[in-house]
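Every letter in the sequence shown is one number past the one before it in UniProt numbering, and letter 165, counting from 1, is 165.
Computed cross-link-like contacts, DSBU-like style, restricted to lysine-lysine with a CA-CA straight-line distance of at most 35 Å:
hint : residue 1 : residue 2
1    : Lys-69    : Lys-42
2    : Lys-210   : Lys-69
3    : Lys-173   : Lys-69
Calculated directly from the structure, the hints in this document are not laboratory data.
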Amino acid sequence: MPSTTPATESPVPTIDVQQNASLEAALDKPPFRLILVDLTDKNIAQVKLLNELTFPVRYGEHFYEGLLKFKDNGGFVKLAYMCDVLVGAIGCRVMLVDPKDPSQGMKMYIMTLSVLPMFRRCRVATTLLNALQDELEKRRATALAEAKAASASHHHHHGHNNEEGLAAGQVVKICLDVQVNNASAICFYEKHGFAKVAEVPGYYPDLDPKDAYTMEKRLPLLQC
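Can you make the complete structure from the sequences, with help from the hints?
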């Protein structure tokens, strides 16, 4: 599991094309050492540059302000560095599966998962996605333990009520949207247990094709 170091305790790394030679040399000596760090207002400019280099759409300031906000409100945002160069990032927000029915639980929506092109065979995306899933398992285990403790201390209540409360705060699936012609991304997510569940016409108004697939991976429901 990659180690995690505070992003503020060292100089902010930059994307330097002159480092490509040493990076390519490092690629010949796996396993690659990826360092995962948290998003801060000091390194978010690098995430903007990373996304500009990897995505056909340009995200506005509101998107990056959202990443900073979501990471402190149940979301998940991690940056992946190799040889002091930002090579990938994942950003997710947590939201209700059904805003009208909180008992359906929560979903983790992947807003961005980007990797520099030259590192797309180096398991960077897999490491970031695994980090998300590991974090969700920790949260779910904690939620289950807390629910069991609450159930034990209130044993006179019917267990069904507790299960409903647990489901309401539990992340039950991970989901994302992907352009319908992005075969490599679709294949990547399918390999990791995601499935196409819907087609969204006109999701990308400035791209061709404009349509997207919604993909999701359901997580087993935890009960007391």
